[in-house]
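**Student:** Chains G and D, in that order, are what the protein sequence lines are.
Offset between the first sequence (1-based) and the working numbering: plus 186.
Offset between the second sequence (1-based) and the working numbering: plus 186.
Incorrect hints may appear among the rest.
No copy labels: a pair is met if it fits in one copy or bridges any two.
Here are the computed lysine-lysine pairs in the DSBU-like style, where the Cα-Cα straight-line distance is at most 35 Å [to be verified]: (1) Lys379 with Lys263; (2) Lys258 with Lys379; (3) Lys328 with Lys309; (4) Lys347 with Lys272; (5) Lys344 with Lys258; (6) Lys328 with Lys294; (7) Lys379 with Lys264; (8) Lys294 with Lys379.
Note that these hints are calculated values from the structure, not bench results.
As a plain string of letters, each chain reads:
Number of protein chains: 2
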Amino acid sequence: MTKTASLTASRRNSVDDIVDHLYREITSLRLLPGTRISETDIASQFGVSRQPVRDAFRRLETMDLILVRPKKATEVKKFSMRAIEKSRFVRAAVEAAALRKAAELCDKAGGFELDSRIAMQHKALANEDYSGFGALDYAFHKAICEIGQVPFAFDIIKEEKEKVDRLCILGLSKERRMPQLIQDHEDIAAAIKAHDAEAAVAAGMRHLSRLDETIAAIQINSAAYFTDDA
Amino acid sequence: MTKTASLTASRRNSVDDIVDHLYREITSLRLLPGTRISETDIASQFGVSRQPVRDAFRRLETMDLILVRPKKATEVKKFSMRAIEKSRFVRAAVEAAALRKAAELCDKAGGFELDSRIAMQHKALANEDYSGFGALDYAFHKAICEIGQVPFAFDIIKEEKEKVDRLCILGLSKERRMPQLIQDHEDIAAAIKAHDAEAAVAAGMRHLSRLDETIAAIQINSAAYFTDDA
DNA sequence: GTATCCCAACTTGGATACAAGACTTGACTT
DNA sequence: AAGTCAAGTCTTGTATCCAAGTTGGGATAC
Numbered sequence: 187m188t189k190t191a192s193l194t195a196s197r198r199n200s201v202d203d204i205v206d207h208l209y210r211e212i213t214s215l216r217l218l219p220g221t222r223i224s225e226t227d228i229a230s231q232f233g234v235s236r237q238p239v240r241d242a243f244r245r246l247e248t249m250d251l252i253l254v255r256p257k258k259a260t261e262v263k264k265f266s267m268r269a270i271e272k273s274r275f276v277r278a279a280v281e282a283a284a285l286r287k288a289a290e291l292c293d294k295a296g297g298f299e300l301d302s303r304i305a306m307q308h309k310a311l312a313n314e315d316y317s318g319f320g321a322l323d324y325a326f327h328k329a330i331c332e333i334g335q336v337p338f339a340f341d342i343i344k345e346e347k348e349k350v351d352r353l354c355i356l357g358l359s360k361e362r363r364m365p366q367l368i369q370d371h372e373d374i375a376a377a378i379k380a381h382d383a384e385a386a387v388a389a390g391m392r393h394l395s396r397l398d399e400t401i402a403a404i405q406i407n408s409a410a411y412f413t414d415d416a
Numbered sequence: 187m188t189k190t191a192s193l194t195a196s197r198r199n200s201v202d203d204i205v206d207h208l209y210r211e212i213t214s215l216r217l218l219p220g221t222r223i224s225e226t227d228i229a230s231q232f233g234v235s236r237q238p239v240r241d242a243f244r245r246l247e248t249m250d251l252i253l254v255r256p257k258k259a260t261e262v263k264k265f266s267m268r269a270i271e272k273s274r275f276v277r278a279a280v281e282a283a284a285l286r287k288a289a290e291l292c293d294k295a296g297g298f299e300l301d302s303r304i305a306m307q308h309k310a311l312a313n314e315d316y317s318g319f320g321a322l323d324y325a326f327h328k329a330i331c332e333i334g335q336v337p338f339a340f341d342i343i344k345e346e347k348e349k350v351d352r353l354c355i356l357g358l359s360k361e362r363r364m365p366q367l368i369q370d371h372e373d374i375a376a377a378i379k380a381h382d383a384e385a386a387v388a389a390g391m392r393h394l395s396r397l398d399e400t401i402a403a404i405q406i407n408s409a410a411y412f413t414d415d416a
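Make the full structure from the sequences, and use the hints.
**Tutor:** Right under this line is the structure:
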């Protein structure tokens with residue numbers, strides 16, 4: 187989650203619990219876009235009054251996860267292609283910048299780090315551990331940011347990635363895409379190790395573009411979960 | 187503040203009014219970082235109960251503008267160099283991507299657009315209209331995004347720019363920097379019109395780096411408004 | 001049988017009362 | 001005179017009540 191994690195740690199009250207719970211429910215798609223949720227329902231689920239739930243709703247609202255329609259109802263926000271394109275653009279820009287830095291600054295230890303992460307991905311593929319691949323994918327991109335000495339870049343990538351990950355649950359299973367994604371990672375790692383910034387960026391953008399196809403397919407198959415804004 | 191108190195609470199969503207008001211107060215630095223604000227105080231200022239103010243606080247909290255310390259107090263959040271660096275990185279990455287696209291796609295009309303905006307900036311400089319320069323600066327960067335056909339890129343640039351603008355009020359007056367900034371804009375426009383992406387990015391990064399000096403100076407002179415996190 | 005209209009039940013928004021933690025200030029003790 | 005402890009007053013957190021608007025269903029008229 188975006189917030190200041192270190193500070194919220196000392197603030198474990200019921201509001202945070204409700205926010206966390208609904209955040210997970212929504213991002214995991216257990217609560218589908220368009221689902222109506224009621225303050226009183228959530229309140230009784232947690233055994234508290236409406237007040238903490240209201241606070242939680244305000245936070246989720248500014249996080250753009252729910253849509254509060256006064257006097258009518260509150261529902262899980264639908265996907266917006268406009269928001270997705272914006273998110274994709276940010277991620278592409280940040281990832282490109284991180285890749286350039288990584289290609290410039292990568293040393294032997296960095297190269298080894300990338301290789302070992304890719305090896306773990308191969309192992310996950312061999313073990314058919316599809317659910318664990320997500321974390322390995324995150325770790326790979328995080329390693330790139332660290333090699334490029336732009337650790338905060340991963341914060342942004344993570345934020346944007348999470349937004350889209352929710353969407354991708356609707357798509358095909360990962361197992362078919364995994365070999366392709368690992369191959370992309372190998373291309374990226376090779377370019378970084380060769381200090382070839384442009385090749386690294388090109389490989390990174392190719393990697394990202396896989397997502398576009400997936401999203402396009404989902405948009406067609408699950409049109410009901412999308413707003414018709416753009 | 188007192189003049190609009192009862193009027194703004196007319197028939198609009200009072201929560202939005204409170205958020206807007208506090209947002210302006212904070213970003214304009216009329217409310218300095220560290221200033222304590224109380225739910226009951228704001229409530230009586232607006233002539234409403236604590237409830238709408240609480241809702242507003244939740245929104246401002248997720249916007250990272252205030253820090254709510256339960257049972258203690260709520261205060262205007264201080265500047266964090268970590269957050270500023272992150273913001274700078276995002277902006278640099280997005281701006282670089284927009285500049286590359288703009289250099290690729292710029293046509294005659296786009297070049298004219300850039301030139302005319304720069305001409306307006308020269309005029310503002312001649313008229314010593316320092317306060318109006320800010321809007322012209324925004325417009326220039328927005329034009330770049332539009333030429334590059336990435337309109338949402340400006341949304342992000344604007345967001346990040348606003349965060350830092352609050353800080354820059356503490357710095358030196360713009361009048362000394364204006365000629366330099368306009369010169370930067372001319373370099374950027376020339377590179378875009380020449381379809382030289384790398385030169386455009388280089389000029390854009392040089393433009394952004396001016397901010398670093400300003401911020402460094404402010405950090406020293408106004409250390410009280412900064413957290414000591416980074 | 002169908003269409004229309006009204007009312008009841010649902011939703012969130014706002015106000016108020018009370019609870020609980022933290023800081024301040026004062027008096028009391030040493 | 002100085003240190004310590006406790007009460008008071010500040011803060012935000014929570015519960016509950018009422019207001020206002022929308023929706024859907026049931027009853028009634030045709």
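**Student:** Run every hint past the structure and note whether it holds.
**Tutor:** Results of checking the hints against the structure:
| no. | hint | verdict |
| --- | --- | --- |
| 1 | Lys379 with Lys263 | neither (42 Å within a copy, 41 Å between copies) |
| 2 | Lys258 with Lys379 | neither (56 Å within a copy, 52 Å between copies) |
| 3 | Lys328 with Lys309 | within (19 Å within a copy, 47 Å between copies) |
| 4 | Lys347 with Lys272 | both (12 Å within a copy, 17 Å between copies) |
| 5 | Lys344 with Lys258 | both (33 Å within a copy, 33 Å between copies) |
| 6 | Lys328 with Lys294 | within (17 Å within a copy, 41 Å between copies) |
| 7 | Lys379 with Lys264 | neither (41 Å within a copy, 40 Å between copies) |
| 8 | Lys294 with Lys379 | within (8 Å within a copy, 41 Å between copies) |
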